[in-house]
Amino acid sequence: MSANTSDASAAGASSARRLLGASSPRYGEKAIRAFLAVCAGLSIAVTTAIVVSLVVPSISFFGEVPIRDFLFGTGWFPDFGADAQFGVLPIVVGTLTVVVISLLVAIPVGLLSAIYLAEYAPPRLRRIVKPALEVLEGIPTVAIGLFALLFLRPLAETLLPFLPWRTPFAVGIAGVAVGLMIVPLVASVSEDAMRAVPGTLREGAYALGSTKSRVSLRVVFPAAISGIVAACVLATSRAIGETMVVLIAAGATPQIIPPWEVTESIQTMTAYIGSTATGDIATGSTQYDAIFAVGSLLFVMTLIMNMIAIRLVRRFREAYE
Amino acid sequence: MATEEKHVSRSGRTRLAVAGARTATRSAFGETPRGDRLGGVLFPALLLLALAFALGGLASLLVWSLVEGFPRLDPELFTNNPSRLFPETAGYRTALIGTLYVISGVIMLIVPIGVGAAVYLEEYADKQRWYNRLIELNIQNLAGVPSIVFGILGLAFIARGPLNLGFVAATGSVTLALLVLPTVILAAREAIRAVPPSIREASLALGATRWQTIARQVLPASIPGILTGVILAVARAIGEAAPLLLVGAVTFVTFNPAPFNGGYSVLPVQIYTYAVRPQEEFKVLAAAGVIVMLVALLAMNSFAIWLRNRYERRW
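Protein chains in written order, with our numbering: chain A, 1 to 321; chain B, 1 to 315.
If you are wondering where the hints come from, they were derived from the structure by calculation, not from laboratory data.
Just so we're clear, the structure is a prediction, and the values are computed from it rather than from any experiment.
Note that CB positions come from ideal geometry on N, CA and C, so glycine has one too.
From the derived model, a few chain A residues whose C-beta atoms are all more than 10 Å from chain B:
1) Gln85
2) Pro222
3) Ile225
Cβ-to-Cβ under 10 Å is the rule here; a few derived chain A residues that face chain B:
4) Cys39
5) Leu54
6) Ile240
With the hints as extra help, turn the sequences into a complete structure.
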C-alpha cells in the first residue's frame, strides 16, 4: 500500500518534470552562476592576500628582531643602520595620542549633532543637513591634512600664543583635524541608531511628563546605545588607520611624549608606513620588512575594532523589529 | 511617503499626550522646576552649537582652500607639467592624466566585479551556508581595513610578488579597485534587495530562467542604486592618496603616463608632494589642486545623493 503511493507520487513528479522542466541543460546559466560566485569569492581572496602579504615579510622581520623587543621597545630608529632600533611603542603611542584627541573632538560634537538631527531638527532642515554631512564625509584626507598644516596650525598659534610651538607640526592639530574628519561618520551612524528607536518609547516618556531634553537623554540615548557605541568604535578604527592627515600635519618624530604636550611632533604607525615606503629602501632588508610588521599590528588593531562595531550595529538593527 | 504620514500623526498624538501629562503633573506638583525650563532652552542651544561647529569646521576648509588657492586658478594649472623648480608656473597636467588612467581602470574593475558579487549574494547564495556567511562578514570587514594596508597589499602582491605589474598606473587601478570594492558591493546589494520578490516571481512564472530574470528585470530596476554606489566609490578613489604612496604614484612625472609602463602620479599624491615643499608658492599650488579635487568630488557626491533621492522607488 505504502509502496504503491510512493510509486504514484514519484511517477507524478517525473511527469511534471517532463512537462515544466528546462528543455536544455542550460550550461550558460551554470557558467554565469559560477562567474558570480567567483566575484563574491574574490573578497576572500583579497583578505587572504592581505594576510599573506603581511605575514610572510613579518616572519622574516621577527627572525631578525625578537618580537618582545618589537612590542615593548621604546626606541624606534629603523634608519640608523647598524644601530637601528625597532621598538614599536613610540609610534603606537603616537597613533593613540592622535586617536584620543580626535575622539575628544568627534564624539561630543558628533553625538550632540546626532541628537539634534534625530530629535530636534525640523524635517526640512534634516533633509538638507544629513546629505550635506554625507558629502562632507567624502572630503579627501589630503585636503584635510593641508588645511590642518596651513590653516589650523597658524590659527592655533595666534589664539594660543602661550603654548610652545616649536615645529610646524603638532600632534594636537593633527588630532583635531582627524576629529573634524570623523564627525560626519559619528553623527550619521548614531543618528540612524536614534531614529531606529520606536516612537512609542518617546510617547511613553512624554506621557509621564518628561521634558524633551529628558526624553532625548534618558530614553532615546540609552535605547540607541549599541548603535552609538558602534559609531564610536568605527570612528576609532577610522582614526587609527588615517594616514594623510598625520603624514602632513603631525611630522615624523617617533617619540613618546606626555599627552598634554600637544604642540610636539610625533609619528604614527600609518605615517611611518607611508613615509618609509616612498623612500628608496632595499627589498628584503630589515627596514623593508619593518613596514609589514607595523602593517600587521595596524591590521590586527583595526580588525578587532571593526568586528566589535559590526556586532554592535547588528544588535541595534535587530533590537526593535 | 508612508513614514512621513506616520511621523505627522505620531507627533500629533505626542502633542496631545504631552499636554495632558503636563496638566496632570502641574495640578499635582505645581509649576515645572526652574532647572527643567532652563535646560529646555540651553540643551537645544548646545546641540545646535555642536552641529554648527561640525558644519562650520568643514565649511571653513572649503572657504580656506578657495581663498588660498585662488591666485593659481589659471589655465596653466591644468596644462603645465609639474615642476620642482618653478612653482609659479607648475601645473597638474600629468597628474590629471594619471588620475584619468587610474580611475578608468578602477571603473572597469569595480562595475562587473562589484555588481557580480552583489547579484551572487542576493540572488543565488544560500544564507544558511557557512561560506556565504563568511563572504558577507569578510566584505564588511574589508570595508573597515585602513587604506594604507591596501597599499601594502598592492606593494607586495600587485606591484611585486604574484601579479608583478610593476609601479605603473594599472597597479594603482587594481589597488584602488580592491579598496573601494566593498562600498560598491554593499550599495549594489541594497539596490537589488529593494526590488520586490513579486517582480522576480512574475518573470519566473512566465518561464524566464533565473539569469534572464536578473538581467532583464532585477538589474534594470536597480540601476540607480548601483550607479549611486559606483559614483560614491569612484569619488572615494579619486581622493585617496595613502595606498598610492606605496605603489609608486610619488614619482615626479614630466611626461604623459601610460597605463602599463612608466611612472605615474595622481592628483592627491601630487598635491601631497607639493605640500611638503618649503616654498610658499608650492603651498598656494597645493591649495589650488585641492580646489580642483574638491570641486570634482563635491559635484560627484552631490550627483550621487541627488540620484538616490530622485530614483528611490517605493514599490
